[in-house]
Structures are given as structure tokens and as C-alpha cells.
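Oh and the sequence shown: position 14 is 19 in the working numbering, straight run, nothing missing.
Calculated from the structure, these hints are not laboratory results.
Model, not experiment: these values are computed from the prediction.
One should not assume that every hint holds.
20 Å max Cα-Cα, derived DMTMM-like pairs, lysine to aspartate or glutamate [as the list claims (entries may be wrong)]: (1) 123 / 71; (2) 74 / 191; (3) 131 / 193; (4) 122 / 110; (5) 82 / 71; (6) 40 / 158; (7) 131 / 158; (8) 122 / 191; (9) 135 / 71; (10) 135 / 110; (11) 122 / 193; (12) 40 / 71; (13) 180 / 191; (14) 74 / 110; (15) 135 / 193; (16) 122 / 158; (17) 180 / 110; (18) 123 / 193.
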Amino acid sequence: MLKNFKPEDLITIPNLLSIFRIVLIAPFVVFFLQKNYIAAAIALIISGISDALDGFIARTFNQVTDVGKVLDPIADKLTLISIMVCVTIFSPIVLPVMLVLILKDMGMLVGGSVLIKKGITPPAAKWYGKVSTFMFYISVCLIVFLKAAFNYENSTLSLLTLSVTTLMMFFSLIKYFMIFLSLINENENKKTLV
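Model the full assembly from the supplied sequences, consistent with the hints where possible.
Here you go:
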């Protein structure tokens, strides 16, 4: 598991915020499926704010932990997957883009698991990961808002916004994959030196 795991690391404000984001998934899904889009949007906004806060607090107050480096991306991925499923039910036109995003996120989870099994702590979220997540939230909110508020659906607009988001997500995936390879190589080099 985590090399430097300490149970008390779970009880830091950033890690509690990540756990809170995971808990928020259930009300978001329930509200969304009940077509209570305002309540679902509020849950999503609160989740997004807590996502931004956990990293800021961790860095500002020196509360960066190995647990947090794993917990934050798990909260991100679970939130994204729940949004993807809800939006696909809401607007089936986005299914192909959603499948690509799910495959990409599963790849990142597998990569993180490989690092953990090798005793390597996965890297903290980088700016490009945060930007791609923010772009995803904006795209989804735009699609849902237009349909829910104005009963307006534009498949070209939906595919365009999600395609740009997908490109950014693939860019972040490539950057994370380069970090993954670097960490694996560095770990192998340490083993050969010992």
C-alpha cells in the first residue's frame, strides 16, 4: 500500500474534503436522476469548490500527505464517472465521448495502482489535470443548463465542447503517463544501484 501511511493523515482538512466530495456523489446522482437540476448543480458546485480548496489548503498549510495524493484523484475520478453516466442518460448523443473519457480515467487509475504496488506514491494532481477537470465541469454544466433551463439541445455544440475537453484530458493523460514512466524508471534505477 502507501509507503508512508499514517492513520492520522486521514484526519486532515484536505483529506476530509476529498472524502466529503466522494459522499456528495450520491446526492448529486439522486437529484440529477429526479430531474432536480438546480439541486444537482449545487451539489456539483460544492464538490468543485471543495476540490479547489483541498489542494490549496494542503499546500498552504503543509498538509500534503501520501493518503491525500491518492484520495484526491480517486474523488475526482468517481465524481467524473458519476457525472458522465448521468449526462449520458440525460443526453445519449455524448455516449461515444463519454466512453473515451471513462477509458482514459480507468487507465489513470490502473497506472496509479501499478505505482502503489511498486511502493511508489502517485504524483499529486498537476495543473493540466485540474484544467481538464474544470473544462469537463464547464462542458457538462453548459449542456445540462441549456437543456434543463431552455429545453435547447444542440448536438454540434455538445460534441464540440466535449471534444475540446477530451483533447485536454488526453493531453493531461500523456503528461501523467510521462511522469508515470519517469517514476518507474527512477525506481528501477534505484534498485539496480542497491
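Hint check results:
Our distance criterion of 20 Å between C-alpha atoms is met by residue 123 and residue 71, whose separation comes to about 14 Å. Taking the CA atoms of residue 74 and residue 191, the gap is about 19 Å. The hint holds against a cut of 20 Å. As the CA atoms of residue 131 and residue 193 are separated by approximately 24 Å, the hinted pair breaks the 20 Å bound. Distance hint between residue 122 and residue 110 is fulfilled; the C-alpha atoms sit about 18 Å from each other, no more than 20 Å.
With a CA separation close to 17 Å, the supplied pair residue 82 and residue 71 stays within the 20 Å bound. Taking the CA atoms of residue 40 and residue 158, the gap is near 16 Å; set against the 20 Å cutoff, the hint holds. With a C-alpha separation of about 33 Å, the suggested pair residue 131 and residue 158 falls outside the 20 Å cut-off, and the hint is violated. Distance restraint check for residue 122 and residue 191: the Cα-Cα separation of roughly 15 Å lies within the 20 Å cut-off, and the hinted pair is therefore satisfied.
This hinted pair checks out: residue 135 and residue 71 have alpha carbons roughly 18 Å apart, not beyond 20 Å. Note on residue 135 and residue 110: the hinted pairing holds, with a Cα-Cα distance of about 13 Å set against a maximum of 20 Å. With a CA separation close to 14 Å, the supplied pair residue 122 and residue 193 stays within the 20 Å bound. The suggested pairing of residue 40 with residue 71 is violated, with an alpha-carbon distance near 38 Å, which exceeds 20 Å.
Annotation: proposed proximity of residue 180 to residue 191 holds, straight-line Cα distance about 17 Å (limit 20 Å). For a cut-off of 20 Å, the pair hint linking residue 74 to residue 110 stands: about 16 Å separates their Cα positions. With a C-alpha separation of about 29 Å, the suggested pairing of residue 135 with residue 193 is violated against the 20 Å cut-off. The straight-line distance between the Cα atoms of residue 122 and residue 158 is roughly 45 Å, outside the 20 Å bound, and the hint therefore fails.
Pair hint residue 180 plus residue 110 holds up; C-alpha atoms about 14 Å apart against a cutoff of 20 Å. Distance check on the hinted pair: residue 123 and residue 193 sit about 10 Å apart at the alpha-carbon level, within 20 Å; holds.
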